[in-house]
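S.K.: Residue numbers (the numbering used here), protein chains in the order written: chain A, 1 to 95; chain B, 96 to 429.
Derived from the structure by calculation, the hints contain no laboratory data.
Do not take every clue at face value.
[Unchecked claim] For lysine to any residue, the following SDA-like pairs were computed, each having C-alpha atoms within a straight-line distance of at most 20 Å: (1) Lys-68(A) to Ala-127(B); (2) Lys-138(B) to Val-55(A); (3) Lys-271(B) to Arg-45(A); (4) Lys-138(B) to Asn-118(B); (5) Lys-22(A) to Cys-255(B); (6) Lys-22(A) to Arg-264(B); (7) Lys-420(B) to Glu-5(A); (8) Lys-210(B) to Trp-409(B); (9) Lys-22(A) to Gly-260(B); (10) Lys-138(B) to Ile-60(A); (11) Lys-147(B) to Ala-263(B); (12) Lys-210(B) to Asp-405(B).
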Amino acid sequence: MERKEWPLWEVFVRSRNGLDHKHCGSVHAPDARLALQVARDVYTRRQEGVSIWVVQADHIVASDPDAKPELFDPAEDKIYRHPTFYKLPDEVNHM
Amino acid sequence: MYTQALDLPQQNPEGRPPSLAENPAWQAEFDAKIDAGGFIEPKDWMPEAYRKTLVRQISQHAHSEIVGMLPEGNWISRAPTLKRKAILLAKVQDEGGHGLYLYAAAETLGVSRDKLTDALLSGRAKYSSIFNYPTLSWADVGVIGWLVDGAAIMNQIPLCKCSYGPYARAMVRICKEESFHQRQGFDALLQLMQGTEAQREMVQDAVNRWWWPSIMMFGPHDSDSTHTGQNTRWGIKRISNDDLRQKFIDATVKQAEVLGVTLPDPELKWNEQRGHYDFGRIDWEEFWNVVNGHGQCNVDRLAARRKAWDDGAWVREAAMAHADKAARRAQAAA
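Could you build the full structure based on these sequences and the hints that come with them?
M.R.: Following this line, the structure appears as structure tokens:
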């Protein structure tokens with residue numbers, strides 16, 4: 001029988017309620033239930049989380065790093081989108 | 096967790112200088128990113144030699160964590176109290192966790208977990224030579240925490256800022272946990288030193304055996320270290336072997352005094368002019384001997400890992416078969 005490697009899952013942990021889930025690494029597991037179990041053992045041995053998401057790695061669609069300029073550079077010269085662009089009189093500058 | 100200098104010449108048969116011909120424009124962009132102290136992420140372009148160096152270093156680091164579970168695991172069933180047993184279990188579990196963080200980081204470079212495991216089990220891959228020494232007494236467990244994990248922390252803190260994002264992030268997580276390892280070791284030794292004469296002798300004996308191997312963990316002297324230059328250029332290595340070793344020795348002398356043990360080096364003394372401790376000559380012949388497979392436990396360690404892998408095969412296969420069957424059933428029911 002040809003041996004099959006357990007699929008790779010990406011792990012996201014919410015450290016406490018009120019915060020986003022944050023990517024923290026990956027694990028191998030045969031299915032979703034075991035992926036959660038393994039992620040708990042590997043990434044939350046010190047109460048680092050209150051909630052875990054696991055997503056099979058090949059289900060994640062990522063942007064191409066080489067497309068960085070066309071995706072993200074157009075925002076570079078739109079400095080008027082930031083509040084600091086606007087210089088207001090001192091008396092009202094912290095509105 | 097336990098890196099040693101991983102730029103040992105024997106370990107890099109495929110090593111070559113990065114080829115500028117790969118793509119000069121991308122290379123320039125990569126260099127600029129490194130020079131600016133930026134991070135390289137998994138899908139970014141990187142020179143092939145950078146990728147290979149990282150796969151080798153991160154996977155050797157992971158193997159070291161996994162093999163590192165063995166010497167201390169040897170004492171779990173014989174820990175002197177329930178408290179020490181719980182602590183040791185947690186520590187050994189951490190080492191396993193550290194290995195897994197690191198394998199995951201290595202896999203982002205496009206190498207499979209099975210291939211990495213195979214490299215370890217076949218004996219092609221190296222791991223830290225420190226784990227090829229036996230743990231003869233309970234004091235060894237304390238001394239490993241204090242000295243071996245202490246040396247590892249010195250080695251690893253600079254890696255938290257290494258240029259490869261996934262490796263740096265894994266190291267941040269590891270370093271946070273590593274401090275517990277060192278402190279629990281020192282704590283266990285302190286307690287032994289407050290015990291009987293025989294217990295104090297046991298600690299001194301363990302220190303005598305682990306001191307030199309611990310300071311060898313920083314790897315060959317800078318003058319004999321072949322890849323340091325390139326790895327520094329790439330932001331993989333931030334501080335040289337000799338500088339880290341000196342830092343470790345300077346910090347440890349005081350700790351040994353507090354503990355009341357003697358470090359087994361008659362030439363160890365404060366050098367006012369250098370502002371550091373001088374120390375005796377390291378036996379590099381022993382170091383290379385162990386690295387090249389002739390340490391006391393090399394054969395046992397690999398045999399234990401192979402047995403664990405083989406004995407677990409049916410579990411891995413059954414779990415996968417079960418998952419496949421459940422998926423097929425779910426599909427049929429849909």
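S.K.: Now, for every hint given, state plainly whether the structure supports it.
M.R.: Status of each hint after checking the structure:
1. Lys-68(A) to Ala-127(B): 16 Å, holds
2. Lys-138(B) to Val-55(A): Given that 20 Å is the threshold and the Cα spacing comes to 19 Å, the pair holds.
3. Lys-271(B) to Arg-45(A): With a Cα-Cα distance of about 12 Å, the restraint between Lys-271(B) and Arg-45(A) holds, given a limit of 20 Å.
4. Lys-138(B) to Asn-118(B): Between Lys-138(B) and Asn-118(B) the Cα gap is close to 16 Å, so the pair holds against 20 Å.
5. Lys-22(A) to Cys-255(B): Holds, because 19 Å separates the two Cα atoms, which is no more than 20 Å.
6. Lys-22(A) to Arg-264(B): The given pair, whose Cα atoms are some 13 Å apart, holds under the 20 Å limit.
7. Lys-420(B) to Glu-5(A): 16 Å, holds
8. Lys-210(B) to Trp-409(B): Holds: Lys-210(B) and Trp-409(B) sit about 19 Å apart, inside 20 Å.
9. Lys-22(A) to Gly-260(B): 15 Å, holds
10. Lys-138(B) to Ile-60(A): 13 Å, holds
11. Lys-147(B) to Ala-263(B): 17 Å, holds
12. Lys-210(B) to Asp-405(B): 15 Å, holds
Violated hints for the displayed structure: none, as all numbered hints are satisfied.
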